[in-house]
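J.: These are the residues of each chain, in order.
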Amino acid sequence: MNETDIGAYGVPLAMLAGAIRVSTPFLFVSLGECLTEKSGRINLGLEGTLVFGAMSGYAISYLTGSPWLGVLAAGISGCFFGAIHGYICKLPKVNDIAIGIAMMLFGTGLAFFFGKPFIQPQAPHLPSISLGFWSDLPQVQSALSINPLFLVGIVLAVFMWWAFKNTRWGLIIRMTGDSAPAALAMGYSVDWVRFLATTVGGFFAGVGGAFLSLYYPGAWSEGLSSGQGLMAVALVIFARWNPLACFGAALLFGAAGALGPALQSVGITQGYYFFNAAPYLLTLFIMIASVSPKRSLKGAPGELSITK
Amino acid sequence: MADTVNQDAATPAVGVAFADAVERIRRSSEYVVIPLLALIAAGLLFSIFLLALGHSPITFFSLLWRGGFGTEFSWQNTLVRAAPLILTALCVAIPARLGLTIIGGEGALVLGGFSAAVIAIPLVTASAPNYIVLPIMLVVATGVGAFWIGLVGMLRHYRGINETIASLLMSYIAIAIMNFFVEGALRDPGNPNKPSTLPIGDANMIGNVPGLGVHWGLPAGIVVAVALWVLMNRTTFGFAARVTGGNVRAARAQGLPVGKLMVTACAIAGACAGLAGFFEVAAIQGKANASLAAGYGFTGILVAFLARQNPIAIVPVAIFLGGIAAAGGLIQRRMGMPDATVQVLQGLMFVVLLVSETLYGRFAFFRPRGDKR
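Sequence lines, in order, name chains H and L. Taking the numbering used here, the leading residue of the first sequence gets 11, the next gets one more, and so forth. Taking the numbering used here, the leading residue of the second sequence gets 3, the next gets one more, and so forth.
Looking at chain H on its own, in the form it has when it is part of the complex (with noise of 0.2 Å):
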């Protein structure tokens, strides 16, 4: 590729690219967080699940060939590990943060021991859409060339906007989350609730995790994910368990995540691993600037663990 040098330009537009390309694990994991803390519970098990997600996405489409077959196995596996967080907390007197954690350090552990065989081995990508075709500079090329899933999740986080809203589906879940004793007077089933909510975002954490390994970066190895769905979870707080302010959060991460390549691409190499750790310092200051002890926050589900 023949780079057409920009300059300082480079950093922003490398910044945008990454914004996009690193933004999508995250949307997905924070849009499937915000399902489950819609509905009162809190899943810190994410983690496991997108790790999980991402190896079994890369070996199904290894094997198999089609990387869309990935990404539902992904989604699938995904599913899994929400039911077992989903069923687990049904029981009485069990936490659900202390499950998310041993959920996060068996995900983890389980995509290792399968994922050992798929590190080496090339599985085919998932495609991408050029959308920067109006462009001469390859730099903007290759920053509007677009995954379908960054596009599946921009919709995905407007169906859940507009349907929290609209739909009896939505209200029941929002219900769930805010009171479950009206829940039960109104005759749902709390835990099933919950449990659906759950299952469902554990199947949007796994198609995160597929995006890591059959996307960007695109390949499976054992350190793909460090902490990505943990960030969700936080950004899901930032976002005040709005599904469209989790996209413009996920961009930001993305952003965040981006800087340090970015700057690498135009040869500041210095401070390559300070960089690094620009998502989890933007996650921390975020949430102590957003988050207050004197007042609960607004849009908060009020049977939610973590916020009382």
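Hints in this document: simulated from the structure, not taken from any laboratory. Check before you lean on any hint, since a few could be wrong.
Now the stretches of chain L that chain H is said to cover, found in silico as 3 or more residues with beta-carbon under 8 Å [as the list claims (entries may be wrong)]:
1) 140-148
2) 172-179
3) 195-207
4) 297-309
Where is the CB? At the ideal position from N, CA and C, for every residue including glycine.
Assemble the complex: chain H is given as a structure, and chain L must be docked to it using the hints.
T.: Below, chain L without anything else, positioned relative to chain H:
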């Protein structure tokens, strides 16, 4: 309970004391029996997992025994791994008494060990004797660890930030800080293969406990565990901490300094993890590098939950899990299974253990006499 004494009022005083003791053992045995049942269930589930993959569970568990506890060498290996596990488990267990779930022990261990190795560099170049170098390293490691997790406690109390998420994020930041310096400014030019800090030198290494083949981190961990048990169960601080863990509002209403308690407990926890980092550097690695982030912080979470956040119970549980980790290499070589096998077993144990929480209070055997639920 008072009602049990009333029931036995007719029997002589010695009989009452004896019956009381039996009663107490019977009731508290619930906290041993249920975790043991959970471990057995996890072992059975893991056997099914192995059978489904065409491996023999019998071979697996016999190798686990041999690699962890079968020989003198494997015992040494086990105890060397148990030492940091005791300390990182304490990093989870102490805040847990206040109702805080801290999972960032890995970060405090890494940063504590790293800063100990860094502070040693000028001292070693000035060829200071080891009785000066080691105490300074020790203080710096525990101090940095205490600051790191103490910060999580402060964020929790003053800003209302969830401590579980914050502590894990800070772990990643800690590892990034170490990598940044180890790959850059503080990299030892004499070690081209693996980026590390300058070695602290053989003269400054902590030796083994005579006749045991295990470094001093193990006795230190046991002493700290006992001391923290006393602190949490026999002092006003511990009582106040447990009240806060039971009910924050009640603690506030009583005028307990909830914020101070939280930050102090977190700082103590971080100091433990930092101490683990000190021993990893001063007794094993001799320098700071990526090997510090070996996952002791994460296994420590499982140790603390298995020990039901009891500092004394942490010691045997840490030895048990250290043994499982020690056997990992042998299992990998003999059975041709990936190194993550141990991680799967640990994860499964963790999940089953948490499921077993639901069993407490279900068995009539463990209930106080006269309680007919």
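J.: Would you mind marking each hint as holding or not holding in the structure?
T.: Hint by hint, here is what the structure shows:
1. 140-148: Per the Cβ count (0), the hint is violated.
2. 172-179: Contact hint for the stretch 172-179 of chain L vs chain H: holds, 5 residues under 8 Å.
3. 195-207: violated (count 0)
4. 297-309: Coverage by chain H holds for the stretch 297-309 of chain L (4 residues, Cβ < 8 Å).
Of the numbered hints given earlier, the model fails hints 1, 3; all others are met.
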